[in-house]
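**Q** Construct the entire structure; sequences and hints are all you get.
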Amino acid sequence: MAVTTERVDRLEEALTKFMEQTSLILAATREDITEIRASNARTDRQLLEMQKQAEKDRQQAEKDRQQAEKDRQQAEKDRQQAEKDRQQAEKERKEFNRQLAALSDRLGTLIEDMVAPNAPRVARTLFKGDEVIASAIRVKRQHPSEPGRNIEIDLIVVGHRHLLICEAKSKVTVEKAAAFQDKIRSIPEFFPEFSSFKVLPLIASVTIEPTLVTHLSRLRIYALGFGEDTMEILNSDAF
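Numbering (my numbering), first residue to last: 49 to 287.
Incorrect hints may appear among the rest.
[As the list claims (entries may be wrong)] Here are the simulated DSS-like pairs of lysine-lysine, each with C-alpha atoms no more than 27 Å apart in a straight line: (1) LYS188 <-> LYS139; (2) LYS246 <-> LYS217; (3) LYS111 <-> LYS125; (4) LYS188 <-> LYS217.
[Said to hold, decoys possible] Listed next, with one range per pair, are the computed distances between beta-carbon atoms: (5) LYS125 <-> HIS191: 55 to 61 Å; (6) PRO236 <-> GLN135: 45 to 51 Å; (7) LEU95 <-> MET67: 50 to 56 Å; (8) THR255 <-> GLN147: 29 to 35 Å.
In case anyone wonders, no lab produced these hints; they're calculated from the structure. Yeah, the Cβ is synthetic: ideal placement off N, Cα and C, and Gly gets one too.
**A** Here it is, written out as structure tokens:
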């Protein structure tokens with residue numbers, strides 16, 4: 049009987065220890081489960097945040113793509129508009145040049161038409177007693193030995209010993225005066241029949257600035273402009 053009681057006591061003791069250990073294990077397991085659940089919850093939250101961020105990034109990337117497309121389309125529109133503006137500007141420039149050329153031609157012809165009636169009177173003054181034989185406007189001549197060279201003179205007046213060469217300009221400039229001086233030097237080449245004549249260069253315009261009149265005087269070129277009543281030599285005293 050005593051043996052049985054001892055065995056029961058040991059069994060109860062073992063069972064008690066087992067239950068204590070089991071309780072400890074269960075407690076630890078519950079803690080582990082709680083930690084695992086907490087970890088899973090954190091992971092789920094992180095995944096959710098990552099998904100949300102990924103969606104935001106995707107949406108932002110889509111917005112950026114759409115904006116880039118808009119920018120590209122706007123850049124293309126700007127390029128096309130710039131091309132249209134360039135073409136329009138080129139068209140307007142050509143039209144302006146055409147109108148300017150036409151205006152220059154009309155002004156040049158107008159000046160020639162105003163100068164021509166005064167040419168014989170002016171020539172008689174400059175020829176100093178030499179008779180005026182002939183005059184002509186818009187004279188074109190080809191070089192006698194070089195067919196590729198040509199000369200055009202607005203107005204020419206011929207005497208027995210004098211030759212008046214007139215250039216009509218809508219506006220007189222230093223550059224135009226220099227070009228006219230070069231033309232005067234070539235007169236004997238193009239008009240060898242007048243090689244022994246005294247050539248009198250004359251530039252005519254509606255108005256000529258006083259400084260340019262002085263410049264023409266230094267070049268030994270007569271200046272013809274409007275006086276009080278008619279066209280007159282503006283620098284006759286300089287020669």
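**Q** All hints are to be evaluated individually against the structure, with a verdict given for each.
**A** Taking the hints in turn, this is what the structure says about them:
no.: 1; hint: LYS188 <-> LYS139; result: violated, 33 Å
no.: 2; hint: LYS246 <-> LYS217; result: holds, 23 Å
no.: 3; hint: LYS111 <-> LYS125; result: holds, 21 Å
no.: 4; hint: LYS188 <-> LYS217; result: holds, 17 Å
no.: 5; hint: LYS125 <-> HIS191: 55 to 61 Å; result: holds, 57 Å
no.: 6; hint: PRO236 <-> GLN135: 45 to 51 Å; result: holds, 50 Å
no.: 7; hint: LEU95 <-> MET67: 50 to 56 Å; result: violated, 40 Å
no.: 8; hint: THR255 <-> GLN147: 29 to 35 Å; result: violated, 22 Å
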